[in-house]
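Participant: If you want the building blocks of each chain, they are given just below.
There are 4 protein chains.
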Amino acid sequence: MQVSNSKMPVAILGATGTVGQRFVQLLSNHPWFKITTLTGSSRSQGKTYRMACDWRHSSPLPQAIQDLVIQPVTPNLDAKLVFSALPTGVAKKHEPELAKAGFVVCSNSSAFRKQEDVPLVIPEINADHFRLISSQKTAQDWKGFIVTSPNCTTTGIVMALKPLADKFGIEKVFAVSMQAISGAGYPGISALDISGNIFPYIPGEEEKIEEETRILLGTISQGKKHAHELSISSQANRVDVLEGHTASISIQLKKKSSLENVYEAYQDFQVDEDIKNLPSSPNNLFILHKTPGRPQPRIDRDAESGMAVSVGQIRPCSIFDLKMTTVIHNTIRGAAGGALLNAELLVSRKLIPSDE
Amino acid sequence: MQVSNSKMPVAILGATGTVGQRFVQLLSNHPWFKITTLTGSSRSQGKTYRMACDWRHSSPLPQAIQDLVIQPVTPNLDAKLVFSALPTGVAKKHEPELAKAGFVVCSNSSAFRKQEDVPLVIPEINADHFRLISSQKTAQDWKGFIVTSPNCTTTGIVMALKPLADKFGIEKVFAVSMQAISGAGYPGISALDISGNIFPYIPGEEEKIEEETRILLGTISQGKKHAHELSISSQANRVDVLEGHTASISIQLKKKSSLENVYEAYQDFQVDEDIKNLPSSPNNLFILHKTPGRPQPRIDRDAESGMAVSVGQIRPCSIFDLKMTTVIHNTIRGAAGGALLNAELLVSRKLIPSDE
Amino acid sequence: MQVSNSKMPVAILGATGTVGQRFVQLLSNHPWFKITTLTGSSRSQGKTYRMACDWRHSSPLPQAIQDLVIQPVTPNLDAKLVFSALPTGVAKKHEPELAKAGFVVCSNSSAFRKQEDVPLVIPEINADHFRLISSQKTAQDWKGFIVTSPNCTTTGIVMALKPLADKFGIEKVFAVSMQAISGAGYPGISALDISGNIFPYIPGEEEKIEEETRILLGTISQGKKHAHELSISSQANRVDVLEGHTASISIQLKKKSSLENVYEAYQDFQVDEDIKNLPSSPNNLFILHKTPGRPQPRIDRDAESGMAVSVGQIRPCSIFDLKMTTVIHNTIRGAAGGALLNAELLVSRKLIPSDE
Amino acid sequence: MQVSNSKMPVAILGATGTVGQRFVQLLSNHPWFKITTLTGSSRSQGKTYRMACDWRHSSPLPQAIQDLVIQPVTPNLDAKLVFSALPTGVAKKHEPELAKAGFVVCSNSSAFRKQEDVPLVIPEINADHFRLISSQKTAQDWKGFIVTSPNCTTTGIVMALKPLADKFGIEKVFAVSMQAISGAGYPGISALDISGNIFPYIPGEEEKIEEETRILLGTISQGKKHAHELSISSQANRVDVLEGHTASISIQLKKKSSLENVYEAYQDFQVDEDIKNLPSSPNNLFILHKTPGRPQPRIDRDAESGMAVSVGQIRPCSIFDLKMTTVIHNTIRGAAGGALLNAELLVSRKLIPSDE
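Protein chains in written order, with the working numbering: chain A, 1 to 356; chain B, 1 to 356; chain C, 1 to 356; chain D, 1 to 356.
Bound conformation, chain A alone (with noise of 0.2 Å):
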């Protein structure tokens, strides 16, 4: 599907991070977006990408990305839409006025996932919260509008756990994640603190799983969330795994289930044809593994570039009803693959305001 005779410039706030890199290694060969506008810090701006970035992927960065100055963050970005890879604290001022002055902000950044009127999206789950978006607009006065991806973590256990929501009812839910480091961003954490170690606490991490989770799973109506009732529980550890973050969870149904069914809701599970078209869709959201060991982080992050996520040892629990563990790529499909599927989805859905 070609949405355009020409590709829509789109640009890049926080380029030089762990997540804006992956933004610009997934955009960088994109069919529908263009990368016109790179932003950075003050220590970053005025240089060129390739002097401002320790360009850290073994795809080589095409000459003309390499050469984009760093630009600050201004509402007078060259791009119709822009994906955000900020830190929270600098995306609250900038986002709002980014999506005032016009612009589609695809944001990462946890700013603005809980506020009432911002949809929190990942489109195989809930593409339906975009409907926040007109009241989003209406009651911000804004020409453009804000919309955003979860936390890496809470990605791949809303992606393990919809089709089982959706089947059986989902009434409880424990998940301990084992978290890798390109999570914490660059430099990030020390490995004084990680090599041979687990760091068992990341600041403000279970709050997001727990609440997202809820949003995730939960419903809209009159142009606000409605959380989803399931209690979770969660607890967030570092592990010394590059990429890929991995979950175990246990889940208490609503109606009891046998495996073979369980099995079955992840096969049953329908994506929209729109969404499954999408240039970033992956061809199986779920890999399903059957045998012990597995979904691993190093081996299984990859799976579908990154967008899928695995699910594996599904066995009974002795307290709820089903355990299981899951793996997500953190940066891909946990952040910027997330963000850019959404970007992808509003083009397709038409959900871009045409220029005037």
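To be clear, the hints were calculated from the coordinates, so they are not data collected in a lab.
Among these hints, one or two may not hold up.
A pair counts as met if it fits within one copy or between any two copies, since identical chains are not told apart.
[Stated by the list, open to error] No farther apart than 27 Å at their CA atoms in a straight line, the calculated lysine-lysine pairs in the BS3-like style are these: (1) Lys172 x Lys254; (2) Lys208 x Lys172; (3) Lys92 x Lys114; (4) Lys256 x Lys172; (5) Lys290 x Lys208; (6) Lys47 x Lys290; (7) Lys172 x Lys255; (8) Lys34 x Lys92; (9) Lys276 x Lys34.
Using the hints, position chains B, C and D against chain A.
Facilitator: What follows is chains B, C and D alone, placed relative to chain A:
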């Protein structure tokens, strides 16, 4: 306390492996015990310990032990007490033979942990289970007997639960473990499986955690074990940590408690004086951490020479009452050190049959 | 370039191991070759590849290959060309049998690398050594023949040395390798030996580096290899890196050179057009890094799909002339990819015997 | 040996960092010294050590030290001797001020290691360089003085070279280091840079190795250092090892030697009796390994409480005479322990100015 004029001769079964080496290390300068015999597989028999064993500790090996020749396991071992680090299958065969022949077998194997008349003991937690010894000797018509120490992961979890079980009662426990590679023995887990990765499956581990926890917190009557009625669900993961098993635990108490009272439960926990005075007893059984981010396995596993459990991040759970993180040294308190403390208590309580 | 209407049938010997899996991965969508046969040890024979093999790549395995049944090695393989990832001892027996029976054997084993009439080839470095093929066939009276690709570490070192050898001559080389765990195969090295550690010994590796380097940079005349006269001393270390062998190298040139001219030597290095056009040929043979701190194995091993060598930190040496750091992907260019490139060149240069 | 009735009061400058914490650990129960003062950056000043410092050792911190309040560096420190773990820039300013004010400064900083009248000393190697102290005091007109201990990597290399230099003479040395992450301090190197990776560049390290080695093996005359004439070329790499620097070394001797005689050189190496009797002196200066695969940093760094150098894999080199592998504990012998041993020797040799 000097129990006897001369040290008691002890054998270590399976002395060349990961746990066997820990036994050798902990016993090589022990005030009460003297290693007289080391056994190993047929591949090692007839070699000196130095030649048979790839010694992996920085503490040097005493010359007398280096020169011991590896023996097969027979009922003629030159020892009174034997420490068993045998694999389960081999333990099933040899441990009863030795008990029958009059040896006291302090086993770290899982072979007989669940047998109704074999005590499964952590001295500070359930030393009264040693009362099973007399029933065992009678029932089996053995001159000696077997006592067992629990699974490494279970040890840490039970030690952290016990003060809460005593003071508030425990109804339900979720435990997700992140276990060190040394727990898999040597060569154990391939670097290709665990480097920069998580291996989310350890055969039989979840069953051991769930069953042994209920036994250790349970009672003894009429010569049998009666499991505690709590429900426990566990998920076991292997992580790239050398030593030290970490667990993320959620606990539902019978009687609600403030966090303050939970801390008090640990501080007030009483250990019998004779246990406190054992040579391998820690000064502090619990290392309580009140700042986020602790305990961590690499930093905290060696607390109290590896004989304490570290407990931290005690905080409210949105489903149960409490969440916490625990760290235990898996090859010391969770294996060789645990079995050694059992042996010390048997000596101190004069439960070792005297030579007639 | 389409060499023939239909793809050439190939077998992979030792298909379930680390290098065998790489062969399967690289060949599963190859434009010229079609996997028809996979062999494995007696433990695997009779099973499908899916069942026999713990597939460790995120790229999914084509169904047709999953369903192939593992065969023993016999001279009746349904293939024209065989890729050998056999262990040395087994290779010594089977490779000559297959060559005798008319197969072209592209071997990654070390069994025949040093034999005087068996070419040891990196296409861009010494494709002319293929001239040994005719001598080999005559001398051995074989219908087929064996060609070999070098040791993984040697491959990276030789590729980095070649432009300097051509332009300035090389007299002496010191090379210290830091080699990835995948080089030890599976299960290979125990996590207990390498996690947070260095294992400073790899049996036979230093000899291979020293001998094969001199062969690869040497000449061919009268149907024999003549080793290059340079002196080379190496030390091989295993480090906790998944893939990618790094080397710290010092080089004494015959003719002094400026650093500028050294860079030029890499930039000016000519690869034959037919080699450049092979399907697995990298666009850039050398990835030159001019900033300190590169190359690094985790970031640079995948450059050019793992078929380039990365060279950086070129600087003066206080004893020899130059110091540098190199990185090579050990299981791609240094193993399966190297053997595959040899096979592609044999096809392209019509050195494969045609069916009569 | 009890040098005085009461312990000497000492200060630790830069006490909260990686090396500073080692100083605290090594000095917290020292028989001769008593920590009275801890200094830190302005961020830490005024806080207790417990609050200012993220204590990262499993050995508990004595209460008296926990309660010390972090001071700024001034010439009024309540101490006679100061251990400096200051960063180079800060050391350049403060160390001379303190020496001028009468303090004995045992510095681990690189600030004055190369200054011609400041001794750079490893007691067992070149204690005679302490003769520079009197020249220094005269030349600078200081009441106190500065002595320095070498770079961590240099320490291991020089200790391994010294017996060979004494017995056979050394002409040339190649050394490639694989250095632990603790050497970079805290937070030091990002996990994203080193996890599963090698970082092949450590600013200034190669220069330090090359210059300091020649100073330490050199001589003193006329109040100045005279560097040894050997040539040394080094390459420094950072690897994902917690503590313990490993080096692969090649050595050209002046006088050829059998391997047997090389071993003898280590065994026969004489350390002065007064040095051997220092509290922090190792029983064995050299831990010689004769089996391949040792020394390894994780297993061997703690030999002799981290104060020995481990040497192994001594074998012929095809260019020079010998190759070998060495391991040194970088934050003990290579930093805090080295400076402490210097201080102990100053006390023992009565080189500390007495209070008048």
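Participant: Hint by hint, note whether the structure agrees.
Facilitator: Taking the hints in turn, this is what the structure says about them:
1. Lys172 x Lys254: Classified as both: same-chain Cα gap 9 Å, cross-chain 19 Å, threshold 27 Å.
2. Lys208 x Lys172: both (16 Å within a copy, 25 Å between copies)
3. Lys92 x Lys114: Intra 12 Å, inter 52 Å, cutoff 27 Å: intra-copy only.
4. Lys256 x Lys172: The answer is both: 13 Å in one copy and 20 Å across copies each meet 27 Å.
5. Lys290 x Lys208: between (30 Å within a copy, 22 Å between copies)
6. Lys47 x Lys290: between (50 Å within a copy, 18 Å between copies)
7. Lys172 x Lys255: both (12 Å within a copy, 21 Å between copies)
8. Lys34 x Lys92: within (25 Å within a copy, 52 Å between copies)
9. Lys276 x Lys34: For Lys276 and Lys34, only the intra-copy Cα distance (22 Å) is at most 27 Å; the inter-copy one is 31 Å.
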